[in-house]
Amino acid sequence: MWKVSSGIFLGWSLGANDSANIFGTGVATGAVKYRTAIWLTAVFVLVGALAEGPKVMTTINELSRIDPVAAFCCTLAAGLTITTLTFLAIPASVSQAIVGTIVGAGLLAGRVDFTLLYKVVVCWLFTPVMGIVLGYLVYRVSASILNRTVKSITRRNLIYSTGILVAGSYGAYSLGANNVANVTGVYVSAGLLLPLEASAIGGISICLGVLTYSKKVMMTVGKGIVPLDPFSAFVVVLAEAVTLHIFTQLGVPVSSSQAVVGAVVGVGLVGGLRTVSGKMLLNITVGWIMTPVAAGLIAVGLLYGTRFI
Amino acid sequence: MFKKFFQQGKKEQAVIDKTAAHIELLIAACKGFHEGLIQEDKSRVLQVFHLEREADTIRREIIAAIYEGAFLPYLRPNLCRFAELVDRVFDDIEGAANHYSEMEIPEVLKEDCVRVAFYNIRICEMLLICFHALIEGNELREKTLAVRIYEKKIDDIKFEMKRILWKLPVQGFWEGRILAEFVDGLTAISDIVEDASDYLHIINVSMK
Chain S
674 MWKVSSGIFL GWSLGANDSA NIFGTGVATG AVKYRTAIWL TAVFVLVGAL AEGPKVMTTI
734 NELSRIDPVA AFCCTLAAGL TITTLTFLAI PASVSQAIVG TIVGAGLLAG RVDFTLLYKV
794 VVCWLFTPVM GIVLGYLVYR VSASILNRTV KSITRRNLIY STGILVAGSY GAYSLGANNV
854 ANVTGVYVSA GLLLPLEASA IGGISICLGV LTYSKKVMMT VGKGIVPLDP FSAFVVVLAE
914 AVTLHIFTQL GVPVSSSQAV VGAVVGVGLV GGLRTVSGKM LLNITVGWIM TPVAAGLIAV
974 GLLYGTRFI
Chain L
516 MFKKFFQQGK KEQAVIDKTA AHIELLIAAC KGFHEGLIQE DKSRVLQVFH LEREADTIRR
576 EIIAAIYEGA FLPYLRPNLC RFAELVDRVF DDIEGAANHY SEMEIPEVLK EDCVRVAFYN
636 IRICEMLLIC FHALIEGNEL REKTLAVRIY EKKIDDIKFE MKRILWKLPV QGFWEGRILA
696 EFVDGLTAIS DIVEDASDYL HIINVSMK
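Protein chains in written order, with the working numbering: chain S, 674 to 982; chain L, 516 to 723.
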């Protein structure tokens with residue numbers, strides 16, 4: 674069972690990093706207390722992981738059949754990649770890292786489903802696009818409904834404050850459902866864990882990351898997006914949650930960070946604002962290429978290393 | 516965790532009620548000042564001091580309620596700033612009342628002073644209308660425009676008064692200074708009310 678330890682580490686770092694995409698703006702602006710945010714995130718991540726996590730695990734399993742040692746090397750390589758790229762301030766996605774490592778390990782063993790890989794890569798490209806479209810549409814539709822039906826400032830205040838909590842909880846659910854497969858999915862493929870066991874262990878490890886080490890990132894991300902008003906913050910989280918949920922139904926692990934960036938751009942487009950810079954686009958592109966390639970290479974290196982042990 | 520939801524905005528309603536009471540008190544102060552000027556009754560004008568003390572208490576209660584968690588943090592600075600601006604109007608009225616108690620308004624300025632005091636009532640009433648419109652989610656544009664129109668009218672009278680004031684013979688430094696400060700205080704109220712109405716507009720925009 675020691676082979677699962679690297680998956681738990683990966684889950685912990687995912688929880689510590691990606692929870693900021695859910696309640697970052699809410700906590701940084703004071704709309705949600707940090708303690709409330711982390712407990713809601715932890716509970717709903719676990720619920721999402723147990724309820725819908727196995728859907729994405731199927732894709733991870735079918736991408737390549739790997740043995741238990743390879744599974745350990747894949748999650749370790751993904752964890753190392755994420756840590757290194759985060760240190761270099763390059764936006765990194767756990768989904769892309771783990772897929773990169775599985776493809777690396779699969780290439781070494783000569784077993785990669787390229788048709789499925791093509792589907793996954795297309796979904797990655799569509800993640801920010803869907804974030805933009807949903808951010809724009811959710812903003813337009815909900816603003817139009819609210820402007821017609823809820824005029825009182827007290828009621829709006831109540832709707833925004835509870836809306837951020839509800840959308841954040843849904844976001845946490847979608848994060849758990851979509852990303853738990855990244856953490857422990859490979860162990861199902863390797864025959865080490867059953868899908869439900871993998872969902873539970875993955876979900877708990879993400880929860881641990883959320884509960885123990887998410888404050889710093891949450892504040893950094895939240896304060897970076899602070900110009901958002903409460904309504905926009907609510908729309909961004911809701912659009913991100915829906916994006917993740919849609920890709921969960923398609924069985925593809927995607928990046929919550931890219932979904933949230935897309936949603937911010939979508940909300941910005943409503944007001945004709947320039948919310949994305951060329952530098953940000955370059956950073957995302959570099960992250961897209963660097964993450965799976967670097968993770969794949971590290972996994973291959975680790976697997977070569979295990980042959981000499 | 517969901518205290519706010521189950522309370523159904525009670526804290527927010529308390530802030531709204533207190534803010535409305537704050538502005539109503541301001542209207543009462545302006546009315547008292549206006550009547551005092553017409554009747555040349557200094558004791559009537561000096562009642563503003565009591566109203567100012569009452570308004571101070573209300574302002575403290577508003578700010579305490581906001582910091583105890585009423586409204587989203589995003590709105591709190593603007594709501595606090597609004598309460599402080601209303602309080603600044605009280606300070607100016609109090610200052611003008613104090614100056615009035617120490618002087619006699621020259622005949623040539625009397626009519627203009629009464630006109631400004633009258634428009635001060637109107638602009639404060641318009642501020643209350645703006646505040647209710649904000650709370651009920653009605654359109655604010657025309658109401659804030661009305662505030663700006665009143666402010667412009669008072670500004671025009673102020674420039675007229677200043678021109679008269681500069682030529683007015685005074686017996687000593689303090690007589691001149693007290694008169695100038697009285698006119699400044701009386702005519703500055705509309706500027707602060709205009710700023711306050713701008714804050715209402717900002718709050719309205721930020722909640723849409």
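Treat the hints as calculated values from the structure; they're not laboratory data. These figures come from a predicted structure and were not determined experimentally. Each hint should be verified, as a subset may be incorrect.
Unchecked claim - With a straight-line Cα cutoff of 20 Å, these simulated DMTMM-like cross-link-like pairs (lysine to aspartate or glutamate) come out:
id, chain 1, residue 1, chain 2, residue 2
1, S, K824, L, E654
2, S, K706, L, D556
3, L, K557, L, E651
4, S, K824, L, E651
5, L, K723, S, D902
6, S, K824, L, E657
7, L, K557, L, E657
8, L, K557, L, E626
9, S, K824, L, E626
10, L, K673, L, E599
Do the hints match the structure? See the list:
{"no.": "1", "hint": "S:K824 x L:E654", "in the structure": "holds, 10 Å"}
{"no.": "2", "hint": "S:K706 x L:D556", "in the structure": "violated, 55 Å"}
{"no.": "3", "hint": "L:K557 x L:E651", "in the structure": "violated, 39 Å"}
{"no.": "4", "hint": "S:K824 x L:E651", "in the structure": "holds, 6 Å"}
{"no.": "5", "hint": "L:K723 x S:D902", "in the structure": "holds, 9 Å"}
{"no.": "6", "hint": "S:K824 x L:E657", "in the structure": "holds, 17 Å"}
{"no.": "7", "hint": "L:K557 x L:E657", "in the structure": "violated, 36 Å"}
{"no.": "8", "hint": "L:K557 x L:E626", "in the structure": "holds, 17 Å"}
{"no.": "9", "hint": "S:K824 x L:E626", "in the structure": "violated, 43 Å"}
{"no.": "10", "hint": "L:K673 x L:E599", "in the structure": "violated, 24 Å"}
Hints 2, 3, 7, 9, 10 from the earlier list are contradicted by this structure; the remaining hints agree with it.
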